[in-house]
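Asker: Protein sequence lines, in the order shown, are assigned to chains V and U.
Residue numbers are given in full-length UniProt numbering: position 558 of the first sequence equals residue 558, and the series is strictly consecutive.
Residue numbers are given in full-length UniProt numbering: position 574 of the second sequence equals residue 574, and the series is strictly consecutive.
Take these hints with a grain of salt, some might be off.
No copy labels: a pair is met if it fits in one copy or bridges any two.
Heads up, simulated EDC-like pairs for lysine to aspartate or glutamate below, C-alpha to C-alpha not over 16 angstroms straight-line [as the list claims (entries may be wrong)]:
(1) Lys135 x Asp673
(2) Lys511 x Glu145
(3) Lys227 x Asp7
(4) Lys580 x Asp458
(5) Lys623 x Asp545
(6) Lys687 x Asp673
(7) Lys687 x Asp225
(8) Lys623 x Glu508
(9) Lys227 x Asp677
(10) Lys536 x Asp329
(11) Lys13 x Glu165
Source of the hints: derived by calculation from the structure; they are not laboratory data.
Number of protein chains: 2
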Amino acid sequence: MPSPPPDWVKALKPSGPQGSELLAQERAQSNINIDKLSELLHTKEALDRQQKMLSLLEPEKVFDKSQNHTLGRVERLQRSLAKAKRLQQLAEENQWSMEELHAANELIGEPTPYGLHASMFLVTLREQGSPEQHKLFLERAAKYEIIGCYAQTELGHGSNVRGLETTAIWNQEDQTFTINSPTLTASKWWIGSLGRTANHAVVMAQLFIGGKNFGPHPFVVQVRDLKTHQPLENVYVGDIGPKFGYNTMDNGFLLFNNVKIPHINMLARFSRIEKETGKYIRPALPSLVYGTLTWVRSNIVLQSGGVLARGVTIATRYAAVRRQFQDRDAEPSAGENQVLNYKMVQVRLLPLLASMYALHFTGRGMMKLYQENQSRMKAAASPGQNSRGPGPEELRAGADLLADLHATSCGLKALASTTAGEGLEVCRRACGGHGYSSYSGIGSYYADYLPTLTWEGDNYMLTQQVARYLLKSARAVLSGKAADNDTSRILKTYLDRRDKGASFDVLEEDKDIVEAFAWRTAHLTFEALKHRDAEKRSWNSLLVDFWRLSTAHSQYLVVRNFYEAVSSPELAQALDPETKTLMHALFRLYALHTLEREAAEFFSSGAVTVRQITLTRTTAVMKLLDEIRPHAISLVDAWAIPDWQLDSSLGRSDGKVYEDLFRRASQENPVNDLVFDPYPWNAAILKNEAPKSKL
Amino acid sequence: MPSPPPDWVKALKPSGPQGSELLAQERAQSNINIDKLSELLHTKEALDRQQKMLSLLEPEKVFDKSQNHTLGRVERLQRSLAKAKRLQQLAEENQWSMEELHAANELIGEPTPYGLHASMFLVTLREQGSPEQHKLFLERAAKYEIIGCYAQTELGHGSNVRGLETTAIWNQEDQTFTINSPTLTASKWWIGSLGRTANHAVVMAQLFIGGKNFGPHPFVVQVRDLKTHQPLENVYVGDIGPKFGYNTMDNGFLLFNNVKIPHINMLARFSRIEKETGKYIRPALPSLVYGTLTWVRSNIVLQSGGVLARGVTIATRYAAVRRQFQDRDAEPSAGENQVLNYKMVQVRLLPLLASMYALHFTGRGMMKLYQENQSRMKAAASPGQNSRGPGPEELRAGADLLADLHATSCGLKALASTTAGEGLEVCRRACGGHGYSSYSGIGSYYADYLPTLTWEGDNYMLTQQVARYLLKSARAVLSGKAADNDTSRILKTYLDRRDKGASFDVLEEDKDIVEAFAWRTAHLTFEALKHRDAEKRSWNSLLVDFWRLSTAHSQYLVVRNFYEAVSSPELAQALDPETKTLMHALFRLYALHTLEREAAEFFSSGAVTVRQITLTRTTAVMKLLDEIRPHAISLVDAWAIPDWQLDSSLGRSDGKVYEDLFRRASQENPVNDLVFDPYPWNAAILKNEAPKSKL
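Modelling step: build the complete structure from the supplied sequences, incorporating the hints.
Answerer: Shown next as structure tokens:
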């Protein structure tokens with residue numbers, strides 16, 4: 001690493017006022033109780049856990065982050081495996097809970113090669129394996145004696161799982177399966193932890209029995225030798241190469257040349273083959289399988305608030321430290337203005353600040369609903385354990401709710417991850433030139449997050465599920481067979497009131513804002529229904545309408561969830577009245593800013609008037625920006641993201657932005673060890689032998 | 001590098017139909033003459049030049065691209081300097097023109113450490129240096145005997161050039177300047193080619209004479225020794241560290257501790273100091289200086305079409321090769337559908353396809369206008385050379401036009417670079433999972449392009465310049481002192497017709513589409529004027545309105561330029577009638593898709609009715625997608641981007657997407673040389689000594 005700067009450089013300070021002074025001033029001007037708000041958001045328990053993990057991880061050299069942005073992929077991957085191993089050792093030494101391991105991973109802030117083993121491999125074995133399979137695979141996997149991954153996506157097939165090409169043919173004669181890749185496009189692809197790390201894989205393959213295809217099923221297949229870690233015979237496996245982000249993960253490919261595996265290797269909790277007869281036994285509880293993806297998507301919604309919070313924390317703090325130009329209407333003697341005072345900056349950052357709260361509360365609401373329903377369903381499904389338990393009717397109501405939750409989770413996953421992903425980039429750009437530096441802490445985090453917009457259902461594909469569900473609900477409402485849920489309610493309300501028209505007072509009444517969003521969803525639903533059922537338009541020609549519909553519905557859900565959260569007794573109890581008022585302002589900012597951006601749909605559905613939209617834009621949103629501005633720093637402080645996790649010069653909680661940018665550039669940057677020969681006629685790049693950088 | 005795959009893997013093919021067959025089918029179904037269209041876009045001369053450069057560069061090992069995405073920054077920077085040196089050698093050997101060097105750089109497709117020397121350093125010396133300074137600096141720089149950069153931005157100041165902190169104090173006693181960095185935030189920052197490469201810099205510093213500040217001026221300062229390449233005394237210089245992209249460039253920092261430079265080192269073409277008296281001589285021709293930035297921005301507009309074309313070419317070709325799901329309304333026997341047939345994909349890609357044409361023609365229009373005016377101004381300014389030349393009146397008209405061009409270029413730079421940058425990311429996402437692979441060829445290109453949204457005027461900041469100009473023009477129109485240009489014309493038309501209201505037939509008449517865009521600009525201009533002049537609202541409170549106004553005006557300019565281009569006799573002459581019709585369809589798609597996205601402003605200004613907007617969305621745009629779809633591949637083929645430049649498995653012109661992804665992952669990926677020890681209890685990462693990858 002470069003030698004320290006000379007004394008005359010060390011003596012220099014940033015021109016005043018200093019960043020630390022500006023942030024102190026920001027914190028002094030807001031009276032909200034940050035600790036209370038933090039606890040409401042995360043719980044005291046989670047905050048303590050984060051603190052404990054931080055004190056364990058930060059001092060360890062192996063978790064050092066300073067070279068994350070300079071190293072090539074080979075080195076980064078090796079370092080990341082070292083982190084993952086050390087984390088696993090710490091987890092065993094300290095008997096960490098799942099929550100603690102999760103918190104530690106969050107602090108480290110990069111995917112590691114154990115990622116898919118610790119999540120999808122273990123989860124799939126647990127949820128889809130029989131007790132015998134738990135013994136054989138899960139117990140060893142939990143102890144890391146076997147390391148696995150989840151191999152579904154193929155080179156030629158992502159979203160369309162039914163189209164997978166890998167085959168698993170049942171051989172009755174020796175009671176085995178033959179796993180095969182008939183084409184190049186059948187190669188498994190994108191499989192996390194498979195490239196260099198896993199020695200086992202859960203492989204999704206088309207099950208064939210006696211020539212008949214029973215669709216994709218999960219099989220446990222060993223792919224590498226447990227001792228030499230070399231690929232087994234007739235297995236071709238490797239890493240798929242560099243990516244836009246996620247380069248500390250070894251996403252892999254995998255091809256099979258007629259590899260035989262025993263009967264026990266087909267995961268058999270839900271569907272299975274009778275060993276002796278080769279008879280296929282159908283899944284017992286399809287709706288519970290269905291539930292897992294709903295859970296995964298709800299989790300993405302919950303996390304999206306935190307993802308966005310990282311970008312917003314960085315950009316908002318830096319916008320309070322950074323000063324540029326005088327206000328055009330200010331006295332000539334005024335100094336340069338904090339960038340956060342400019343309306344053009346506020347209008348980009350503060351609605352995202354509101355969004356991170358909105359998505360957080362929405363994710364929470366979803367998880368709660370999901371868990372309640374899941375326990376109810378489980379109870380209903382096992383009446384033996386509870387002789388007076390719920391009967392088939394309750395089971396049906398549970399299934400209805402699950403269908404609603406499933407659609408909800410699809411739409412919200414798409415909206416939330418798009419909002420978070422695109423929001424991070426808005427934050428990066430709001431930091432001006434320095435946002436482009438890796439030391440901003442946004443760019444690589446954004447690049448690592450982007451796959452979330454594609455995986456667990458591509459955000460565009462998912463919108464079809466939502467539309468299909470809304471059309472079905474609308475048909476049920478029209479035929480008087482509506483399920484008892486909120487979706488039916490908003491559709492009915494619209495039908496009842498359509499002739500009278502809407503007259504929502506979105507500028508004065510919070511409840512009316514929620515109703516205006518509901519109205520727009522219902523209007524778009526019945527429009528789409530007319531196109532499909534009455535005008536018989538093709539599904540393909542309606543995809544754009546469906547995407548709009550799904551977005552509209554999901555925005556309604558966020559607005560409703562946010563409204564319910566800020567109006568809840570829990571919130572009123574946890575927060576002082578002023579902070580509660582501020583939460584309402586955030587709700588209104590999220591809702592009205594969204595309404596304004598989607599203005600065309602709101603007025604063409606008749607939910608609001610053109611005049612209301614103009615007032616929203618020119619007056620209401622501007623007032624909310626003024627109202628929230630003084631508390632901006634407190635509102636990001638309350639999210640309580642440790643500096644070590646942010647890993648950002650711009651977002652430091654102490655405001656020492658310029659000192660830190662300079663320290664890292666001059667002291668942590670191995671490029672400064674190079675001495676170039678700059679002249680084109682000298683082919684040599686380096687002057688003499690430049691000292692090798694020690695990374 | 002990894003050993004080749006076993007024979008059973010080599011024998012595998014993608015499932016059919018093959019990508020090559022699908023692209024052949026696409027090309028067969030379109031009858032447009034691709035060569036004619038290519039020549040219209042680029043000229044025959046430029047296409048030949050590209051081909052010549054390609055045949056020179058592609059075979060040379062030094063320009064190999066295969067490891068661009070895997071290497072760490074230290075290695076990438078060294079390789080990039082090697083490329084830059086080799087390019088310079090080739091340029092000298094072959095006596096390349098500027099156009100040829102530029103074409104070669106485009107093909108290589110990454111910034112190199114010579115980048116700022118070859119552009120801003122040489123340009124600034126040429127344009128701002130006196131003949132004596134040309135001899136002293138420019139001649140040596142042109143021969144690469146000195147290597148330089150342009151040091152304006154500082155750690156604490158980007159957009160606000162007036163706020164720069166570096167000082168240059170004139171010392172009358174020894175007729176020198178003292179260059180100094182009084183604070184840490186005065187450090188020059190982001191300076192391309194400075195980090196490791198340059199030995200000279202043009203430093204922008206506040207000129208002080210006798211204690212009085214004359215504002216920022218350019219000074220040539222040597223920063224490194226010409227032999228040892230070590231920093232000179234009292235100069236602290238280095239690389240600013242890793243970035244989101246642009247990592248093959250050594251953006252640098254620079255601090256001075258009272259460094260003395262001679263009088264000759266202040267660039268003196270426009271303003272200068274009389275050596276003997278210390279008297280400051282004002283700039284002679286400020287409007288010509290003003291012109292350089294206009295030229296730079298116009299160039300960004302022109303390039304933005306080509307930038308977008310890379311993403312659109314890749315995504316469109318891959319969408320023709322990739323098949324996923326059956327069409328929901330298709331016969332059960334139908335195979336999977338080409339992704340490009342889905343309306344949700346078309347509505348994302350085809351408007352971008354239209355945009356790349358729109359921006360290209362707009363950039364061309366701008367450049368033409370700029371060059372015409374520049375020659376006119378030069379002629380007018382030197383009446384001595386042409387005794388019957390234009391007088392002061394023409395000079396004034398030229399200055400008026402330049403002011404219009406300046407504002408135009410600010411707004412269009414912002415719109416064009418935002419469209420291109422965000423468009424690339426839309427293209428990447430439209431490629432689904434594989435878009436995230438570095439082998440898609442989009443991600444790193446996007447990351448390298450992003451600074452364009454911030455430099456040469458931050459895209460948000462620039463919109464104030466446009467608004468200021470439009471307000472000024474509106475005031476002039478109202479007071480009867482309008483300049484004779486298009487901006488005045490559209491403002492007057494609006495005023496004349498405002499009471500009658502507009503009735504533009506945007507669905508049937510192309511000319512009316514242009515007028516509707518003009519109407520919206522004029523409406524927003526007078527609204528903003530009312531807020532500022534009548535209601536006396538603060539500048540800050542109007543920034544969001546100004547940004548909208550600038551965007552609206554710039555969209556009008558693109559629509560107008562595109563319309564003029566597709567209606568021009570040149571185009572009619574160059575293309576057959578069918579291709580011409582297709583160009584009109586692209587114009588309508590760009591315009592109507594934009595109109596629909598900005599619907600709220602169009603109806604609230606009264607430019608169109610709500611019914612027209614609904615029809616635009618549900619009918620007109622959908623029909624245009626159908627009309628353009630069969631020609632999509634031909635329209636990207638016509639852009640004629642060589643495969644070597646695209647460097648994309650997904651965008652290959654032969655359609656061999658899956659073969660290439662597989663080849664690169666298995667054969668060009670050094671990660672596959674590693675053999676991990678996967679168990680957490682073994683601290684070692686690698687099994688034995690894994691073979692070292694040879695990069």
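Asker: State for each hint whether it applies.
Answerer: Hints, verified against the model:
| no. | hint | verdict |
| --- | --- | --- |
| 1 | Lys135 x Asp673 | neither (54 angstroms within a copy, 34 angstroms between copies) |
| 2 | Lys511 x Glu145 | neither (55 angstroms within a copy, 72 angstroms between copies) |
| 3 | Lys227 x Asp7 | neither (55 angstroms within a copy, 25 angstroms between copies) |
| 4 | Lys580 x Asp458 | neither (36 angstroms within a copy, 37 angstroms between copies) |
| 5 | Lys623 x Asp545 | between (33 angstroms within a copy, 15 angstroms between copies) |
| 6 | Lys687 x Asp673 | within (11 angstroms within a copy, 31 angstroms between copies) |
| 7 | Lys687 x Asp225 | between (47 angstroms within a copy, 12 angstroms between copies) |
| 8 | Lys623 x Glu508 | within (13 angstroms within a copy, 42 angstroms between copies) |
| 9 | Lys227 x Asp677 | between (48 angstroms within a copy, 9 angstroms between copies) |
| 10 | Lys536 x Asp329 | between (59 angstroms within a copy, 11 angstroms between copies) |
| 11 | Lys13 x Glu165 | between (63 angstroms within a copy, 12 angstroms between copies) |
Going through the hint list in order, the structure does not satisfy hints 1, 2, 3, 4.
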